[in-house]
Amino acid sequence: MSKSDSIFKTLTEKPWEKGQVEIDNQHKGQTLYLSKYKLGLRTIMVVSTIIFSLFVVVYSDRMLVHDWRSMPEPWLLWLNTAILVLSSLFFHFTKLASEKNQNEKVKNGLYFIGFLGYSFLIGQLLVWYQFMNLGYYATTNPANAFFYLFTTLHGLHLIGGLYFWGRTTSRFLKADSKIKDIQHSIELCAIYWHFLLAVWVVLFGLMLFT
Amino acid sequence: MSDEHEHKLEAKSDYASDVSSVGASDIDSVPESEVPEQELYHSHSWWTTYVFSQDAKYIGVQYALTAVGTGLLGLVLSWLMRIQIAYPELGWFEPAAYYQFVTMHGMIMVIYLLTALFLGGFGNLLIPLMCGSRDMAFPYVNMLSYWMFVVAVLVLLASFFVPGGPTGAGWTLYPPQAITSGTPGHNMGIVLMLVSLVLFVAGFTMGGLNYIITVLQLRARGMTLMRMPLTVWGIFTATVLALLAFPALLVGGLMMTLDGLLGTSFFMPTMVSMGEKLNYEGGSPILFQHLFWFFGHPEVYIVALPAFGIVSDLISVHSRKNIFGYRMMVWAIIGIGALSFFVWAHHMYVSGMNPWFGFFFATTTLIIAVPTAIKVYNWILTLWRGNIQLSLPMLFSLAFIVTFLNGGLTGLFLGNVTVDVPLSDTYFVVAHFHMVMGIAPILVVFGAIYHWYPLITGRMLNETIGKIHFWITFIGSYAIYFPMHYQGFVGVPRRYFEIYDSPYFDTSTLLLNKFITIAALIVGVAQLLFLYNIIVSARLGKKAERNPWKANSLEWQTPQMPPEHGNWGKERPNVYRWPYDFSVPGAKEDYIPQNVPPSEVTGAKVEKT
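Respectively, the protein sequence lines represent chains A and B.
Anchor point for the first sequence: position 93 equals 84 in our numbering, and the numbering is continuous, going up by one each time.
Heads up: take any position in the second sequence, counting from 1, add 907, and you land on our numbering.
Treat the hints loosely; a few may be bogus.
With a cut-off of at most 20 angstroms between alpha-carbon atoms, the simulated SDA-like pairs for lysine to any residue come out as follows [as the list claims (entries may be wrong)]: (1) K5(A) - I1281(B); (2) K27(A) - I1281(B); (3) K0(A) - M1133(B).
Label-pair restraints from in silico Cβ distances [stated by the list, open to error]: (4) G1182(B) - A73(A): 50 to 56 angstroms; (5) L80(A) - W1238(B): 43 to 49 angstroms; (6) F106(A) - W1263(B): 51 to 57 angstroms; (7) F200(A) - T955(B): 49 to 55 angstroms; (8) K9(A) - L947(B): 34 to 40 angstroms; (9) W1238(B) - Y120(A): 51 to 57 angstroms; (10) W1263(B) - H57(A): 24 to 30 angstroms; (11) Y120(A) - E1183(B): 32 to 38 angstroms.
In short, the hints are calculated from the structure, not lab data.
Heads up, the beta-carbon is just placed ideally off N, CA and C, and yes, glycines get one too.
Sequences and hints are given; from them, build the entire structure.
Below, the structure written as structure tokens:
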């Protein structure tokens, strides 16, 4: 059994039949051939996806009401998006470098990703600052309220990601650490970064086109 | 009997160390474990053992105690409500207080008692033991989950002490009234409630991650998914539902908090309150109802599915028969779980909707009766010609079947739009959901506690006190909820603060109100017997033998009972069969535990279910 059986095959097994008993006795007790961390990350991403999808649904419903006034898109938001794309890209390269055991590259990559992550957060705060100076408060219009809500939630997700980025980096910086120890963490962080980029693109696109 | 069992275990461990016994080696052979042993956290101090414990068994008990403690508060609140309904002339409470009791009672019972007890309590206790794991996948996150739950409970309780008191918006927290003046607790109370819910969801997500990954990835060798006890199936599916449904509550809760605190208009329509136009504009209260019930209906099954699973195991063990139609039971659990996401709007028939929309939801609601009925038939067929032991868990299981059937049938009435519309604001609905979601799961909880108490404490609960507790609870809850159906039919509205002196109701409904209240007080007091039993038996109860119910599932096969840290001693168990090999023809005993290798049961023939 090198890969997991399909769910339908599993659910139609007859555990009491003699032939099936012999097969089942060889079972390793694991359903999916994934690390528990990867499965955990996937579960979190599913839950987050549902949260953001519900927000998208609520947004689409609310924007049909006549009082809706779309917000402008400052160039700073485009810059922030570019930063996010760049950090996702760099995570990909860092992951590749970690697979090839390139110590220096991984270290620099991690530093740079952290820098980009924090820059993105600061950039988002600057956008908030700009908007508030222009009088776009959360209470003025539901479109503004959604903007603040989306950016906050996305930012919180990124802060969660930066926490794990920090743990991975500090583990790597310990004297006797090997790149092998953090390879899996880097891979998972990279997946999460791509996920956050995708979420942002969807949210930003939604706000851009409505 | 227990000697026999010891012997079997010994034989098993012999096998584990020495495979020289000829014959046994081929049929018992299992592959080497590819999954490396889990690294366990070993506690060093009293604090990390009993308070910030990372052992799922302790966390389960902690969850259960916290949930039951909160639930007792919910019980007292229900007394106060009943006293107000039956004896309004006493004038003990203001209307505001009554609505606060209603709200807090509902929220506490549904979320902080039942959800936390079934998933947090039984999930943590049983998943690792029944799957043959040493602990949950992420013990530290598991601990965080429990403490997050504690904080959520504390925030909820804090709302009793803030100016204005807790929210009185009803457990559904519908805007706009939840955050407009005139509703009790419309400023601080509702905010604390929403914050508490958000914390609960966050804490639950951490716990749910553990339950799912432990069930999927950390089972013992030989434990295929279709060899898992139905309890694990129920808790697992309920966890999946919860992870998919709680985000809707989170989204609704967050947005309403912003409406209340910042003054955004997500759900708040343009409205005039106390002669003044409020600053809200254009929001949609119906949108909140959709979000709430998209969470709220699966929530019913988040509570019911673990109860289904647990009761299946109790019935099988205590009637010494394999569960009838195991696969069908699993499919029914999954089917009910999937369908539960497509029925939510049947809670909103009176909110107004497109008739086709209502038609769709009425249809899906009635379809969900099919897998549910399959389960009820299967329980009855399991009992049929079984060697029924009328032990306490069995009594509670039987009471559950009857109660669940009762509540399910009234659910069929209410699922039809035309029947629901006149009944929806009456006591008929109160009777329905208390039968199906209050009494039925609580009966399973009691049965499960009587069943698994020896596993936790190593002692049995007192049988006599238990029987008294059972009969008062069972008959008493019917005395409470049967009359409510009648009241609903004659049109007594729910949510009313006082209804005396009304020319619209027969005096019999008022008499019934008094009768129900007295029954409720008696049933409530009878729970003290149960608490007494729990507390006293922990020290003075009869010592339980190993595997006192002669069950097959792995939680009873640990080397020590109660199981120690790490559960399994040196070797994790290997599983050779499903957990329902009761009364197998030709076998020496009437049960064959899951970890007994085939070489020890040569005479037994496997019976098709």
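We went through each hint and held it up to the structure:
1. K5(A) - I1281(B): Between K5(A) and I1281(B) the Cα gap is close to 18 angstroms, so the pair holds against 20 angstroms.
2. K27(A) - I1281(B): violated, 35 angstroms
3. K0(A) - M1133(B): holds, 11 angstroms
4. G1182(B) - A73(A): 50 to 56 angstroms: holds, 52 angstroms
5. L80(A) - W1238(B): 43 to 49 angstroms: holds, 45 angstroms
6. F106(A) - W1263(B): 51 to 57 angstroms: Cβ of F106(A) to Cβ of W1263(B): about 54 angstroms, so the range 51 to 57 angstroms holds.
7. F200(A) - T955(B): 49 to 55 angstroms: holds, 53 angstroms
8. K9(A) - L947(B): 34 to 40 angstroms: holds, 37 angstroms
9. W1238(B) - Y120(A): 51 to 57 angstroms: holds, 55 angstroms
10. W1263(B) - H57(A): 24 to 30 angstroms: Since the Cβ atoms of W1263(B) and H57(A) sit about 26 angstroms apart, the hinted range of 24 to 30 angstroms holds.
11. Y120(A) - E1183(B): 32 to 38 angstroms: holds, 33 angstroms
In summary, the structure is inconsistent with hint 2 from the numbered list given earlier, while agreeing with all the others.
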